[in-house]
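**Q** Spelled out, the chains give:
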Amino acid sequence: MIATAGEALKRTALNAIHRASGAKMVDYCGWDMPVEYSGITREHVAVRTAAGLFDVSHMGEIEVRGPQALALLQHVTSNDASHLQNFQAQYSALMLPNGSAIDDCVVHRFAADHYFICVNAANTDKDYAWVVQCNTFGALVQNVSAQYSQIALQGPRALEIMAKVTEPDPQDLKYYWFRQARCAGVDGILARTGYTGEDGFEFYFPPASSEHLWNTLLDAGKAAGLIPAGLGARNTLRLEAGFALYGHELDEQTTLLEANLGWITKLEKGSFIGRDVLLRQRAEGVAKKLIGFEMIDRAPARDGYPVWIDGKKVGIVTSGSPAPYLKKNIGMAFVPPDSARTGREIQIEIRGRQASARIVSLPFYKRPK
Amino acid sequence: MYPPEFLYTKDHEWIQVDESVGTIGITDYAQKELGDVVFVELPKAGDHVAAAESFGTVESVKAVSELFSPVTGEVTSVNGKLNNNPELVNSDPHGDAWLIRVQLTDRDEIDKLMTADEYEAYIKQEKAD
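Here the protein sequences line up with chains A and B, keeping their order.
Under our numbering, think of the first position of the first sequence as 1, with each following residue one higher.
Under our numbering, think of the first position of the second sequence as 1001, with each following residue one higher.
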């Protein structure tokens, strides 16, 4: 996650605004990004109770076009893109032959011959290279990341704030659907998606309009309690919501079934990369299973801490943190499948000592309907 | 900002020495760097601590930070308030959120620590780096 020495960090079009606002900046996968503005807890709670505005322009975008676009997507992704209608989006994974994901992603269908994939910042280049390599179908594949800034407006008051500055009214945009929209006078792609466990929107638009859009949204949402939120809160929010983060719950050694992503793994849709391994795993069982846990002892668990069951080291914590809204210390970890029982007590090794935790069902947090 | 009667370490702890007992905490700079503090783990009264060695941890939402003792000695008391109110470390790092008190073994150790002026120059340098 640390950039190569001597290589300049990449900046989003909002970098100057973040720095001017006094945000704490970090090197995130080679990007100079805000980790917090006014404090992770405050930002996290704002997203759960009002709204938060995130700069996620570091995320990558890959376009797939042409009559063979769907054939390529069906081959390289795990979910069934043939079920998508125009302007519908789908959580999916870009697959490797061993049944693991090179990345998780959101596939958007504009038309039968035009798709738009949002991928993780750190993986964009390797994702693009891999999709191009898998493209024996003759689809047109383009890395269009530089053409887009992306902001996420998330929280129970996101809709009312977005509606104030957006045409057409985003009210009737359904979860995991998107449309062409004009937000603060800026034309872009507005999707009812997010990574926080709350209602909200993600807006893709030309980078030149970034500062104007950012300031307009913050002004429009001020009375509703909207504040800027950084990558720190983004991580704790997604953890409470039980969402996987690539490099933590997902990597090139973990199959989708092991990572609880069976629901985006459509083995019956026909051939796709990694399917054989996943079919075998479905029949024979997985090697490890992702679980959620809550600490019983007081110290927080952190990424990388060892997990012990019955006196044996059986796995590691993939994400562990205090949960600012739930006010508990929570985490996710891989354990042997026969140990992955809700309610079971496990031990987390914290600075050489064993601390008790309990396996709980995921997600930790579900928003009230 | 940084009380002149305190002495400071490069790891951002402060100590206020009164006769041969030192009160130890973390600096305002340290709490700002950490962000929202949610957990503090400290030794017990009677435990020994050694200069420049870890005596506990303070954890924010984002990070775990080890605490390093400015001096060698025996812990005489521990700030129990931090068990239930770790956020005091953010709101009053130089006062209410003191961490431990230590009976010093060797009072000369404090001669190696920084004064408030030296510490302020030191963090200015750290910020610039």
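One should not assume that every hint holds.
Below are the BS3-like pairs computed for lysine-lysine, each with C-alpha atoms no more than 30 Å apart in a straight line [as the list claims (entries may be wrong)]:
id	chain 1	residue 1	chain 2	residue 2
1	A	K328	B	K1124
2	B	K1010	B	K1044
3	B	K1081	B	K1010
4	B	K1124	B	K1112
5	A	K328	B	K1081
6	B	K1081	A	K24
7	A	K24	B	K1010
8	A	K327	A	K313
9	B	K1127	A	K24
10	A	K313	B	K1044
11	A	K10	B	K1081
12	B	K1124	A	K24
Hints are computed from structural coordinates only; laboratory data are not their basis.
**Q** To test your reading of the hints: which numbers does this structure violate?
**A** Hints 1 and 11 contradicted; others consistent.
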